[in-house]
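Could you slot chains B, C and D onto chain A? The hints should help.
Now for the letters of each chain:
There are 4 protein chains.
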Amino acid sequence: MGSKYRELKERAWEANREIPRRGLAIFTFGNVSALDSAAGVFAIKPSGVAYDKLSWDDMVVVDLDGKTVEGTLRPSSDTKTHMVLYRNLRGLGGIAHTHSTYATGWAQARLPIPLYGTTHADHLTEDIPCTAVMSDEAVERDYELETGNQILECFRNRNPLHTPMVLVAGHAPFAWGESAEKAVYNAGVLEEIAKMAFITRGITSEAVRLPDRLIRKHFERKHGKSAYYGQK
Amino acid sequence: MGSKYRELKERAWEANREIPRRGLAIFTFGNVSALDSAAGVFAIKPSGVAYDKLSWDDMVVVDLDGKTVEGTLRPSSDTKTHMVLYRNLRGLGGIAHTHSTYATGWAQARLPIPLYGTTHADHLTEDIPCTAVMSDEAVERDYELETGNQILECFRNRNPLHTPMVLVAGHAPFAWGESAEKAVYNAGVLEEIAKMAFITRGITSEAVRLPDRLIRKHFERKHGKSAYYGQK
Amino acid sequence: MGSKYRELKERAWEANREIPRRGLAIFTFGNVSALDSAAGVFAIKPSGVAYDKLSWDDMVVVDLDGKTVEGTLRPSSDTKTHMVLYRNLRGLGGIAHTHSTYATGWAQARLPIPLYGTTHADHLTEDIPCTAVMSDEAVERDYELETGNQILECFRNRNPLHTPMVLVAGHAPFAWGESAEKAVYNAGVLEEIAKMAFITRGITSEAVRLPDRLIRKHFERKHGKSAYYGQK
Amino acid sequence: MGSKYRELKERAWEANREIPRRGLAIFTFGNVSALDSAAGVFAIKPSGVAYDKLSWDDMVVVDLDGKTVEGTLRPSSDTKTHMVLYRNLRGLGGIAHTHSTYATGWAQARLPIPLYGTTHADHLTEDIPCTAVMSDEAVERDYELETGNQILECFRNRNPLHTPMVLVAGHAPFAWGESAEKAVYNAGVLEEIAKMAFITRGITSEAVRLPDRLIRKHFERKHGKSAYYGQK
Chain A
307 MGSKYRELKE
317 RAWEANREIP
327 RRGLAIFTFG
337 NVSALDSAAG
347 VFAIKPSGVA
357 YDKLSWDDMV
367 VVDLDGKTVE
377 GTLRPSSDTK
387 THMVLYRNLR
397 GLGGIAHTHS
407 TYATGWAQAR
417 LPIPLYGTTH
427 ADHLTEDIPC
437 TAVMSDEAVE
447 RDYELETGNQ
457 ILECFRNRNP
467 LHTPMVLVAG
477 HAPFAWGESA
487 EKAVYNAGVL
497 EEIAKMAFIT
507 RGITSEAVRL
517 PDRLIRKHFE
527 RKHGKSAYYG
537 QK
Chain B
307 MGSKYRELKE
317 RAWEANREIP
327 RRGLAIFTFG
337 NVSALDSAAG
347 VFAIKPSGVA
357 YDKLSWDDMV
367 VVDLDGKTVE
377 GTLRPSSDTK
387 THMVLYRNLR
397 GLGGIAHTHS
407 TYATGWAQAR
417 LPIPLYGTTH
427 ADHLTEDIPC
437 TAVMSDEAVE
447 RDYELETGNQ
457 ILECFRNRNP
467 LHTPMVLVAG
477 HAPFAWGESA
487 EKAVYNAGVL
497 EEIAKMAFIT
507 RGITSEAVRL
517 PDRLIRKHFE
527 RKHGKSAYYG
537 QK
Chain C
307 MGSKYRELKE
317 RAWEANREIP
327 RRGLAIFTFG
337 NVSALDSAAG
347 VFAIKPSGVA
357 YDKLSWDDMV
367 VVDLDGKTVE
377 GTLRPSSDTK
387 THMVLYRNLR
397 GLGGIAHTHS
407 TYATGWAQAR
417 LPIPLYGTTH
427 ADHLTEDIPC
437 TAVMSDEAVE
447 RDYELETGNQ
457 ILECFRNRNP
467 LHTPMVLVAG
477 HAPFAWGESA
487 EKAVYNAGVL
497 EEIAKMAFIT
507 RGITSEAVRL
517 PDRLIRKHFE
527 RKHGKSAYYG
537 QK
Chain D
307 MGSKYRELKE
317 RAWEANREIP
327 RRGLAIFTFG
337 NVSALDSAAG
347 VFAIKPSGVA
357 YDKLSWDDMV
367 VVDLDGKTVE
377 GTLRPSSDTK
387 THMVLYRNLR
397 GLGGIAHTHS
407 TYATGWAQAR
417 LPIPLYGTTH
427 ADHLTEDIPC
437 TAVMSDEAVE
447 RDYELETGNQ
457 ILECFRNRNP
467 LHTPMVLVAG
477 HAPFAWGESA
487 EKAVYNAGVL
497 EEIAKMAFIT
507 RGITSEAVRL
517 PDRLIRKHFE
527 RKHGKSAYYG
537 QK
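Chains as they are written, first to last, in the numbering used here: chain A, 307 to 538; chain B, 307 to 538; chain C, 307 to 538; chain D, 307 to 538.
Chain A on its own, in the form it takes in the complex:
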């Protein structure tokens, strides 16, 4: 009686377990999903379950209409946000939503994180964007779905694979990537960048962005056509 989605659920489970290991959320906060784009389903953390109590089989498999396909637990309350992102942003294989402390601090300040240094430029070439605050009307409609729409609105002129993270104003960050593992990696990078930027701003009120040429260089050595960071 094996699961049809065992491998997908295991990937989602492994990625969820990275959240507490990396200190990206306390208690049950946050959730990670992994997409099987061929099957049109994703596996996501069940709602309100502590990370250390999770087994791979607790992951809930949901289709891109938000219907549970496999699993007995209720999926994350943020499931519709994941669904909206998978449906509209090309190339995503995983999404990580955390309430990591410094990134959430910036989201609460409703400010993008300025690109102050190469740690940031190694991963994206612009400030980490921050959505608008959700209108009362949108909250009334379908909150989690609208959170997804808020992010889409913010990414109207952005390439989500080049900018794999966002701050939802007044809420917290979302990060993504080609896999669930990469999504959590990006969530971890975001938290570190958020902390560094907080420190820089604490040292001087006159901090400025890195020059464009330097931003490009750092990004391209990791992600450009002739990237030379990493193996192979």
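Derived from the structure by calculation, the hints contain no laboratory data.
Be aware that a few hints might be false.
Identical copies carry no separate label here, and so any pair may be met within one copy or between two of them.
[As the list claims (entries may be wrong)] 25 Å max Cα-Cα, derived PhoX-like pairs, lysine-lysine:
{"id": "1", "residue 1": "K523", "residue 2": "K488"}
{"id": "2", "residue 1": "K359", "residue 2": "K386"}
{"id": "3", "residue 1": "K359", "residue 2": "K488"}
{"id": "4", "residue 1": "K538", "residue 2": "K386"}
{"id": "5", "residue 1": "K528", "residue 2": "K538"}
{"id": "6", "residue 1": "K488", "residue 2": "K528"}
{"id": "7", "residue 1": "K359", "residue 2": "K538"}
{"id": "8", "residue 1": "K359", "residue 2": "K528"}
{"id": "9", "residue 1": "K373", "residue 2": "K528"}
{"id": "10", "residue 1": "K373", "residue 2": "K386"}
{"id": "11", "residue 1": "K386", "residue 2": "K523"}
{"id": "12", "residue 1": "K310", "residue 2": "K386"}
{"id": "13", "residue 1": "K373", "residue 2": "K310"}
{"id": "14", "residue 1": "K538", "residue 2": "K488"}
{"id": "15", "residue 1": "K310", "residue 2": "K488"}
{"id": "16", "residue 1": "K488", "residue 2": "K386"}
The structure displayed is predicted, hence computed values, not measured ones.
Only chains B, C and D this time, still in chain A's reference frame:
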């Protein structure tokens, strides 16, 4: 020769052990109690004993007049504060008092913690209240009992089950819940919210509260009549 | 071929090992000593040895003239500071010198730590004092001995048992107590108070001291004649 | 089939493993190298490999022209920076490049770290220098080589053995020493100094440098001709 209150003491003990695990106090600071409302008694940490030296049987059982009913050790010096809260606030099953670093930082600033984001709104719908500073007269009377009264005064027009935490001005936080376990959970949430708010304020002096509709939404999806966060 | 001072050295060793456990110094920074007042000697950490490489037998026993009585290693370079304090401040059984991060941050700011809350008042009834900066002349004479004198100067009108800690301006904290164990405890308390005060000050530039009556009350319930904190 | 450079690679490997142990970088950020000056080669971390996946044999041995002499993996993308430093700064046996959080915060602020206290003076007698921001022209030429040149420019009138660390503006720190082990030690010291200075500045906007005489004294007791810190 078993204890009549073994199960209650074990619950209190388990909750106390969460304090150092969650980094909510150093050394012997802080204390958690668990109430048996039917029996009209609560089990509380003994005074000045290090968390890693505690056994379940060290918990002291006290009645609602503050008299020790079982146990050979002296109960927490804050026992009367717990007693006042159990006697006057309906529905409390556990109380956690910590000196967690950021929450205490706010208590020392004598300021409520502004509701800047959804991490906060997931747990309560208003700023985390801060009591008035205790008058010299009250300090003279019965300090720990008056600490309870200070909190009651602050909760005159509040529902303690909706706002399960408070900052005692110049002192430190108290949190509570339907159980001792939930009380410590709320103490952990408070510390995280306190740290996030500190960061937000450090980033900008113009941080504003979350819009009301968004606050309500987040609270209700976890605690409202048609809550859909968590299982069941 | 046992050591005449084995028990003293073991006490000093245990206390030194608390320094990294409590996160009070990195690498080889800091040192703790334990006094045998009857024998007129103290055991102290050897200079520049990493905490995790220490064995009890590495502790160096020094008399109150600073002469090594037992041990093959060179004692801490701060040995003369310990010596001056033991010789002049009554009732000290142990001294802990750390470079703990927040306390050192205050020492570098050359400011006493304001008594903002009861965590502080539980341990002392005044701001944590900060010495004057050492004069060039004193540096020329005998630096570590003069560091002791700097502290003595600062304690001319203070009771060292009531105020068991000090910031040396531009340098770092010293703490002490009736035993080496208690000295490290006080060093840990100091670091926590220093961090809380930093946070309070970050939240508001208008933080004020706790009212005197409240300070007294908190101190006395732990240290006064009719103290009721702790056991016995 | 042993490695000709096994011992060198093991030294580099051990030093790299200290990076995550000391919390000096997350994920794959940072890299440490160890020089064999007689052989004119250095062993360095492979690019983009996680610290906990490294074995000693993964280290890449590179000569002082930047050519791989032994190893199948691609060396760190920062290899040319290490090369430039080894070629031009006398006495270096190891180099550590991290993105440690507070030091990077200062690098992003593009400010030297002021010498506020003796923790700093114990290791160097001046502010921790910060390079100029790299010009667009230099970025175009050969980025990692130019990073080395940037540092050389900054050290034109400095003794690298007396000032074994630098902030690269908008980027992150480099530290070095007579061995790879010492280089990581200096990287750890730098991060601690950076955090302390951040705290000091947060407490007061009027923090001042330590007096010269005190700086000299602290440095000389550790590094001067008649140093008396440490053993031997």
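Treating 25 Å as the Cα threshold, decide for K373 and K528: within, between, both or neither.
Between copies, since 21 Å is at most 25 Å while 38 Å is not.
With 25 Å as the alpha-carbon cut-off, assign the pair K538 and K488 to within, between, both or neither.
Result: close within a single copy only, 18 Å intra versus 31 Å inter.
With identical chains, the pair K310 and K386 could be close in the same copy or across copies; at 25 Å between alpha carbons, which is it: within, between, both, or neither?
within (22 Å within a copy, 49 Å between copies)
My question is about K373 and K386: at a cut-off of 25 Å on alpha-carbon distance, are they close within one copy, between copies, both, or neither?
So K373 and K386 pass the 25 Å test inside one copy only (10 Å; across, 52 Å).
Checking an output row: K310 and K488, CA cutoff 25 Å. Within, between, both or neither?
within (23 Å within a copy, 37 Å between copies)
Have a look at K359 and K538 and pick one of within, between, both or neither, based on CA distance no larger than 25 Å.
Answer is between; shortest inter-copy Cα gap is 16 Å, intra-copy 37 Å.
Intra/inter-copy verdict for K488 and K386 if alpha-carbon distance must be at most 25 Å:
Within one copy, since 21 Å is at most 25 Å while 28 Å is not.
With identical chains, the pair K359 and K488 could be close in the same copy or across copies; at 25 Å between alpha carbons, which is it: within, between, both, or neither?
both (23 Å within a copy, 17 Å between copies)
Intra- versus inter-copy proximity for K386 and K538 (alpha-carbon distance at most 25 Å)
between (37 Å within a copy, 19 Å between copies)
At most 25 Å between alpha carbons: which applies to K359 and K528, within, between, both or neither?
between (36 Å within a copy, 20 Å between copies)
Could you place K373 and K310 in one of the four classes (within, between, both, neither) given a Cα distance threshold of 25 Å?
within (16 Å within a copy, 50 Å between copies)
Can you give me the call for K359 and K386, within, between, both or neither, at a CA distance of at most 25 Å?
within (24 Å within a copy, 36 Å between copies)
Hint compliance for this structure: every hint is met.
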